[in-house]
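Visitor: What follows is each chain in one-letter form.
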Amino acid sequence: EAGVAQSPRYKIIEKRQSVAFWCNPISGHATLYWYQQILGQGPKLLIQFQNNGVVDDSQLPKDRFSAERLKGVDSTLKIQPAKLEDSAVYLCASSLSGAGANEAFFGQGTRLTVV
Amino acid sequence: GQSLEQPSEVTAVEGAIVQINCTYQTSGFYGLSWYQQHDGGAPTFLSYNALDGLEETGRFSSFLSRSDSYGYLLLQELQMKDSASYFCAVEGGGFKTIFGAGTRLFVKA
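Read top to bottom, the protein sequences are chains Y and G.
According to our numbering, the first sequence is numbered sequentially starting from 414.
According to our numbering, the second sequence is numbered sequentially starting from 26.
It cannot be assumed that every hint is accurate.
[To be verified] Have a look at the derived ranges for each label pair, beta carbon to beta carbon: (1) SER92/G <-> VAL486/Y: 37 to 43 Å; (2) GLN472/Y <-> THR82/G: 29 to 35 Å; (3) LYS496/Y <-> ILE42/G: 42 to 48 Å; (4) GLY53/G <-> GLU516/Y: 18 to 24 Å; (5) LYS496/Y <-> ARG84/G: 25 to 31 Å; (6) TYR95/G <-> GLY485/Y: 32 to 38 Å; (7) GLY40/G <-> ASP487/Y: 41 to 47 Å; (8) ASP476/Y <-> LEU76/G: 40 to 46 Å; (9) SER440/Y <-> GLN101/G: 41 to 47 Å; (10) PRO474/Y <-> SER94/G: 25 to 31 Å; (11) SER420/Y <-> ILE42/G: 37 to 43 Å.
These aren't lab readings, by the way, just hints derived from the structure by calculation.
No residue lacks a Cβ here, since even glycine has one placed at the ideal position from N, Cα and C.
Isolated chain G, as found in the complex (with noise of 0.2 Å):
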C-alpha cells in the first residue's frame, strides 16, 4: 500500500525558516509534490521532485532523497500569509497520487 507520514502542526514566528518533514512508503515512485491550501480553499501546487535533491522557487524550496523515501518543503522568510496547511503528495504506481495528512503551519507576529 501507500502512505505519507507528515507532522501534524508546526509553529513559526514572522520571518524565519521552517521545514516540514515528509515520508512515504509507495510501490512504485514518480515523484513528491507539495500543495498548500488555506482555510475553505482549493490545494494549489507548489513544487514537484522527480529526482534527488533540492528545487528551489522563491521562498520555498523542496528537498527529496529516494533512497530514504524522505522529502521536505522548506520555507524561508515567514509571512503572515503563509499559514495555511501543507500537503506532500507522492505519484505511486499507476500514476496514482495519494495526499498525506497535512502540516497546519502558524505563523505568529
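Okay, chain Y solo, but in the shape it has when bound (with noise of 0.2 Å):
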C-alpha cells in the first residue's frame, strides 16, 4: 500500500515570499490532517478535512495559511506571505476515519525554511 506523499521535501523562501505544499493521502482515507512541527515540539494541528469539509481549523492563521482539500483526495497547503516563525516541517497525515482506533498515517514532511 502507498503511503502518504507529499512535496516538496525540502523548500526555502525568503520572509514575505508565499509557498504551497502538497499531500496525496492514502487512497481511501477520507480524514487529512495538516500538522506544523517546530523543531523540538510536538505536531501541532494546523487543519483537519473529513473527505472535502473542513472538520477544525480552529489553530490555522488564516491572515497568511489557506488549504484546500479537492475533490476529497489531495490537498494542499499554502502560505502567503511566509514569517521567520513558519519555519518548520510540515506534516499531512490521512486516516480512514476521524473516528475511533484509525491509525494517522505520515507523509515524510517539508522542511520549511523562511530566511
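Two chains, two frames, a set of hints: combine them into the complex.
Guide: Below, the structure is given as C-alpha cells:
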C-alpha cells in the first residue's frame, strides 16, 4: 500500500514570499490532517478535513495560511506571505476515519526554512 | 481547550523497562494514541486506547484511565533503536487529534 506522499521535501524561501505544499493521502482515507512541527516540539494541528469538508481549522493562521482538499483527495497548504516563525516541518497525515481506533499515517513532511 | 502533559526527557539503559506518562485535559474524549518519531522521520503509530486498561503490542504496552485523564506507554526490553521521541495524542471533541510536546527517550548501552 502506498503511503502518504508529500512534496516538496525541502523548501527555502525569503520572508514575505509565498509557498505551497502538496499532499496525496492514502487511497480511501477520508480524513486528512496538516500539522506544523517546530523543531523540538510536538506536531500542532493546523487543519483537519473529512472528505473535502473542514472539520477543524481553529489553529490555522487564516490571515496567511490557506488549505484546500480537492475532490476529497489531494490537498494543498499555502502560506502567503511567509514569516520567519513559519520555519518548521509541515506534516500531512491521513486516516480512514477521524473517529475511533484508526491510526493516522504520516508523510515524510516538507521542511520549510524562511530566511 | 485541550492540553497534554508528558515529561520532556527520559533516559534508561538497554534491556530495562521505561514508562512514559501522559495526562490530558480535553473537551470530549474518544481515545489516546501513542506515536514514535525518530530524528528526521515521520511519526509512526504505536497504539490506541479508547477504553480503560492495558493494551499490549509486543514490547510496547499502553494504559489508559479515563477517570484520571491519564495514560502511559510502557516499553520493555529496551533496545538502542528505541531512542526516539514519543508523543501521546488525544482524539477529542470533533474527532480532532491533538499531540503532546513529546518525550525524548535516550537509551544507553
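Visitor: Determine for every hint whether it applies to the structure shown.
Guide: Results for each hint:
1. Distance hint check for SER92/G and VAL486/Y: the Cβ-Cβ separation is about 40 Å, which falls inside the suggested range of 37 to 43 Å.
2. Checked against the hint of 29 to 35 Å, the pair GLN472/Y and THR82/G passes, with Cβ atoms roughly 31 Å apart.
3. Distance hint check for LYS496/Y and ILE42/G: the Cβ-Cβ separation is about 44 Å, which falls inside the suggested range of 42 to 48 Å.
4. Our hint of 18 to 24 Å for GLY53/G and GLU516/Y holds, since their Cβ atoms are close to 19 Å apart.
5. In this structure the supplied range 25 to 31 Å is violated for LYS496/Y paired with ARG84/G, their Cβ-Cβ distance being about 42 Å.
6. Between TYR95/G and GLY485/Y the beta carbon distance is about 36 Å. The supplied range of 32 to 38 Å therefore holds.
7. At roughly 45 Å, the beta carbons of GLY40/G and ASP487/Y sit within the given window of 41 to 47 Å.
8. The hinted window of 40 to 46 Å between ASP476/Y and LEU76/G holds, with their beta carbons roughly 41 Å apart.
9. Checking the proposed 41 to 47 Å range against SER440/Y and GLN101/G shows it is violated: the Cβ atoms sit about 35 Å from each other.
10. Between PRO474/Y and SER94/G the C-beta distance comes to about 29 Å, which sits within the given range of 25 to 31 Å.
11. The beta-carbon spacing between SER420/Y and ILE42/G, approximately 41 Å, falls within the hinted interval of 37 to 43 Å.
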